[in-house]
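Participant: This is what each chain is made of:
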Amino acid sequence: MVIGKVSKKRKVNIGAMKALMYASVFVTCALVVFLVGYILVKGFPNISWKLISTKPSYLSGDIGILPDILNTLYIILATLLVVLPLSVGAAVYLTEYAKNQKIVSAIEYAAETLSGIPSIIYGLVGMLFFCQFLNMKTSLLAGAMTLVIMNLPIVMRTTQESLKTVPQSYREGAFGLGAGKWRVIRTVVLPECVDGVVTGCILSVGRILGESAALLFTAGFAHTLNGVLKALTSSGATLTVSLYVYAKEQGEFEVAFAIAAILMILTLIVNLFADFAAWYFKRRKNI
Amino acid sequence: MKKKAKAIESAVHGVFLILGLITVGAVLLISIYLIISGIPAIKEIGLTHFLFGKEWAATEAEAKFGILPFILTSIYGTAGAVFIGTPIGFFTAVYLAKIAPPKLKHLVSSAVSLLAGIPSVVYGLVGMLVLVPAIRNIFHVADGASLLAAIIVLSVIVLPSIIKVSLTALEAVPKEYEEGSLALGSTSVETYFRISIPAAKNGIATAIVLGVGRAIGEAMAVIMVSGNVANMPNLFESVRFLTTAVSSEMSYVSTGSLHQQALFSIALVLFLFIMLINATLNFFLKKKKEG
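First to last, the sequence lines map onto chains A and B. Under our numbering, think of the first position of the first sequence as 33, with each following residue one higher. Under our numbering, think of the first position of the second sequence as 102, with each following residue one higher.
In isolation and in its complexed conformation, chain B is listed as follows:
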């Protein structure tokens, strides 16, 4: 009887161990698949030609596979979105954490959660029908579908994560720090900006890095407003991101062609960017735990 019970216990233990290791397996699966399917095209095209080639013409007779325009567009687009989204998100978070009356705080927090839950295709749709025509009319350009439109949409998309993570960080600042500053004669607003924010700086850095990750990985909203032409990045021209390069051509390439393999290589480059961002994120999280 006892032997049987022991056998069941160790079987259960084994089952739970396997379930626990599924996440590790999934990460390995994704990494291996991307590397295996991404390497052949890079080998055939040549690493420097692939990464630094300025022209992407995959369907022409003399096909060119240079993804520098996509890489730069992704970097500029993400930087622009974080540049706009961070100050708005940051000041909103400070207000919510320190000044807002509880009821207003609850209301605005719910609104921010709603913003976080809106599907990205809905952002794309509104961007397509409101933002794109607005840019065309205001700046008198031929087509409003541009890097600028993508940056604005992305900054709305990163806003909720920046607000939420900074808010949590600011709320975790010990009350004693602020009371000390107030006792020394600072006003409350001075205390928030001189004491609370420096104390929460690692959390706020985490929020920004998370925002970078969201922006660089967004595909559907961007594909709907950026025009999707493989130009070198220009604020008022149609551009294509790393994500949209994959999603826009994947549905019609023939299986096994160099073109398809090149799309996998683009995904691999995107994946490496994300891994870099994850490493940065872990760095700040670790610092936050220590300090």
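Extracted from the complex, chain A is given alone in its bound form:
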């Protein structure tokens, strides 16, 4: 492409930069391949039907992770159930109602601050506020409430982005027909921001699956098998927390790797869902 001569010094420089780029990409890809491969190879042989369908038994010394799987599921559902109305409401307020620029920037600054706070601090404050002050004790519910605060900015951000893409003319058309503001939001604006809400949910599920530090002191690490309501009010370990306990405290590495492999597969599925949702909503918007 370049006409004329490129000096030797420049060539050496260009070559060095290229080499560094290729080396970096190689390191990144090799890391991913190694991590995924290593965990699946070490973990898969240890996953058995018995492991994922029973609870741990002290009598026989067997370990089962069914309670942990269910706890993870409950905590995801409870968190989403609470975080969805809160964060969608906050996003609607910011894009549809807020006129005062000071309030808007305060809310956005707060959301940014929340997404920067490390999970261990959420765990600590969750323990003080939900478990002790609100007297929820160490329970899945307290854990879920802590995760609600953590995930608030995520769902709020994605919903806000998608609310911004709703054409102003839709709102004006509805207002022109005599609809009140609340009715316009309910019937015209909200149905158009489903994509942002779904994307936010997928991101939150990924975050909840991987969370451990915030749950250690709020949800605890019991492995008892309970029904939904009983489970929410009692202490329970999610998959990540039980991985930590099995690996660090009990030295049960086979179980730990089995859980790691399960988590890895779930992470893959969550990422595929996120890709699919992005593709699906983009296609729908283009029609």
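These aren't lab readings, by the way, just hints derived from the structure by calculation. Just so it is clear, the structure is predicted and the values come from calculations on it, not from any experiment. A hint or two may mislead.
Said to hold, decoys possible - Which stretches of chain A does chain B cover? Using the computed rule of at least three CB atoms under 8 Å from a CB of chain B, they are:
#, stretch
1, 42-52
2, 176-188
3, 238-247
4, 276-285
Said to hold, decoys possible - Heads up, simulated BS3-like pairs for lysine-lysine below, C-alpha to C-alpha not over 30 Å straight-line:
#, chain 1, residue 1, chain 2, residue 2
5, B, K104, A, K213
6, B, K265, B, K199
7, A, K314, B, K276
8, A, K50, B, K265
9, A, K314, B, K265
10, B, K390, A, K317
11, A, K40, B, K199
12, A, K131, B, K104
13, A, K169, B, K144
14, A, K43, B, K206
15, B, K107, A, K131
16, B, K302, A, K50
17, B, K389, A, K314
18, A, K196, A, K134
Unchecked claim - Now the stretches of chain A that chain B is said to cover, found in silico as 3 or more residues with beta-carbon under 8 Å:
#, stretch
19, 55-61
20, 290-300
Glycine is no exception: its CB is placed at the ideal position from the N, C-alpha and C atoms.
Please build the complex by placing chain B on the supplied structure of chain A, with the hints as guidance.
Facilitator: Frame of chain A, contents of chain B only:
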């Protein structure tokens, strides 16, 4: 009828306002709780003794609460992780943004997203069983659980956020800048490094600051590979971070004791670090918007 409709409208407005203010309330709640529960121990121990004391022996008869080892370990660990993670992430991002063919770019981006989604305890587990023994064998030390192991694990953890944010910044550089440089006789690689990167520098700075935030706040992966002994930081010795100091002792301290209060004070110090990082982040974001 009209009056009723108006009442409903203003009620709805009020509800949305409250929902909007929840994030602000949450930040206030966290700040106030940390300050209220963190101050008493600092008062009792003394600020300089607490921050600059070199010894942490909370369970002994003559308890010592100096957190300098934790502060320095957190700073060294974060610096090391960012020092390793930034160049790898940065060059990967340049390659993905400017050179990679679309299919390869999509594939590598998905791989990076996967890396970002892996739970930190999984990193900890692999670090514990692969990295720690490797360090013990390569450097012939008694225990591989060390600051070095933590730095390596942290640099893998910060990698995806550095790549993603720099990638977005590099992609936003206007095409005209690059075309101008090419027209003046630069080769494409020269253009990327002389024109595109300086143009995206605020975005790249944001990526690095985000990485610092992630590294300093990480607890579970670090607790599994760093050995968790309150030593002054040394590359090949067992160390304890601000985060791991809180998480490792919180489960067994008795409620209301000075020891527990001191752990809250550690969390407060960590929180102040994070606030400092947030302020830096906002500075770069603002600059990015302006320039």
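Participant: Flag every earlier hint the structure violates by its number, smallest first.
Facilitator: none
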